[in-house]
Amino acid sequence: MNTSRPNQTNQIINVVISQTALTSASFKESIDLALVCAAFDQTVNIIFIDNGVYNIVQNQSYQELNDKNHLDILKGLEFYDIDNIYAEIESLDRRNITSENIINLCQTLTSVEIKKLYFQANHVVNI
Amino acid sequence: MKNKFVILITASPQNSQSHLTAIKYVNALIESGQSISCIFFYQDAVSVANEFNQPPSDEPQLLNAWSELATTSQIELMTCIAASFRRGVIDREEAKNRGLDSSNLSKHFNIVGLGQLSAALSEQDSKLVHFK
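Protein chains in written order, with the numbering used here: chain D, 917 to 1043; chain Z, 2 to 133.
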């Protein structure tokens, strides 16, 4: 299938994750979308808000569930040139998650700063 | 500058009225002469392409509605390959590859990679409208 199109430009795409990896397939499918957009040379920001911030808590174990550990997926993002990974401070605070408890590759931003990212982006996808 | 609309549908056809809204929206875009570059079904929305779904006859027939829209407008209806296979929406080729007895993808839909959505989003004047 030919995926090249005329007028293709570098766009900024915000992929917003607001659910936990255990709630639905939304987390996995958001990451899939982010990876494909990065492969198409788009600038991708991954933004964790609401319950989505539970995904970035360190030292989560999936052994008892026999499921894939989603933290490994997040750690692999840098190999796809996705370095912009953000979490909303207010969402973390409301859930008593401190910045020491989240994975290193994630930066924290206030909701106002995240709104700025929304305005700067060409597309915002929250699936 | 004229927008090229990218229509993304992620809502379940069984649990949401978003498909009905999306169909109305797409028809309105066509009637007003807007350009639509892509209609993409992702997440639970891919189930609408499963022709084994048989909703009661007095309820909206979403597959028929989308099929009619695709036929009259000549706009391709794309479903994500990974999301489709994960939810048991299988085309003839994949059924054959996996030794399955039957396939269930409606002939009005095409299974494609996520790259098709990404390519549509990367167009300069693209405008994403998401039904979830």
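One or more hints might be untrue.
[Claimed, not checked] Restricting the straight-line Cα-Cα distance to at most 27 Å, the calculated cross-link-like pairs of lysine-lysine (DSS-like) are:
no.	chain 1	residue 1	chain 2	residue 2
1	Z	K97	Z	K128
2	D	K1031	Z	K5
3	Z	K133	Z	K25
4	D	K1032	Z	K133
5	Z	K3	D	K944
6	Z	K5	D	K1032
7	D	K1031	D	K991
[Claimed, not checked] So, partial list: chain Z residues that the calculated Cβ filter (under 7 Å) puts toward chain D:
no.	residue
8	T11
9	I24
10	L115
11	G116
12	S119
13	Q125
If you're looking for bench data, these hints aren't it; they were derived computationally from the structure.
Ideal Cβ positions, reconstructed from N, Cα and C, are used throughout, including at glycine.
Quickly compare the C-alpha distance for K1031/D and K5/Z to 27 Å and report which way the hint goes. holds (24 Å)
Agreement of hint I24/Z with chain D interface, Cβ distance less than 7 Å: Nearest chain D Cβ about 19 Å off; hint violated.
Under the criterion of a CB-CB separation shorter than 7 Å, is Q125/Z in contact with chain D as hinted? Nearest chain D Cβ about 5 Å off; hint holds.
With a cut-off of 7 Å on the beta carbons, see whether G116/Z makes it to chain D. Holds, about 4 Å.
Restraint satisfaction for T11/Z [CB to CB of chain D, less than 7 Å]: Since the shortest Cβ distance to chain D is 5 Å, the answer is holds.
CA of K1031/D to CA of K991/D, is that 27 Å or under? holds (25 Å)
Tell me if the straight-line CA distance from K97/Z to K128/Z falls inside 27 Å. violated (37 Å)
With a cut-off of 27 Å on the C-alpha distance, tell me whether K1032/D and K133/Z pass. holds (23 Å)
Chain D contact restraint for L115/Z - C-beta distance below 7 Å: Since the shortest Cβ distance to chain D is 4 Å, the answer is holds.
Using 7 Å as the Cβ threshold, decide whether S119/Z counts as touching chain D. holds (4 Å)
Below or equal to 27 Å on CA atoms is what counts here, so check K133/Z against K25/Z. holds (15 Å)
Given the hinted pair K3/Z and K944/D, is their alpha-carbon gap at most 27 Å? Distance ~33 Å between K3/Z and K944/D Cα, so the pair is violated.
Hints 1, 5, 9, counting from the list given before, are not met by this structure.
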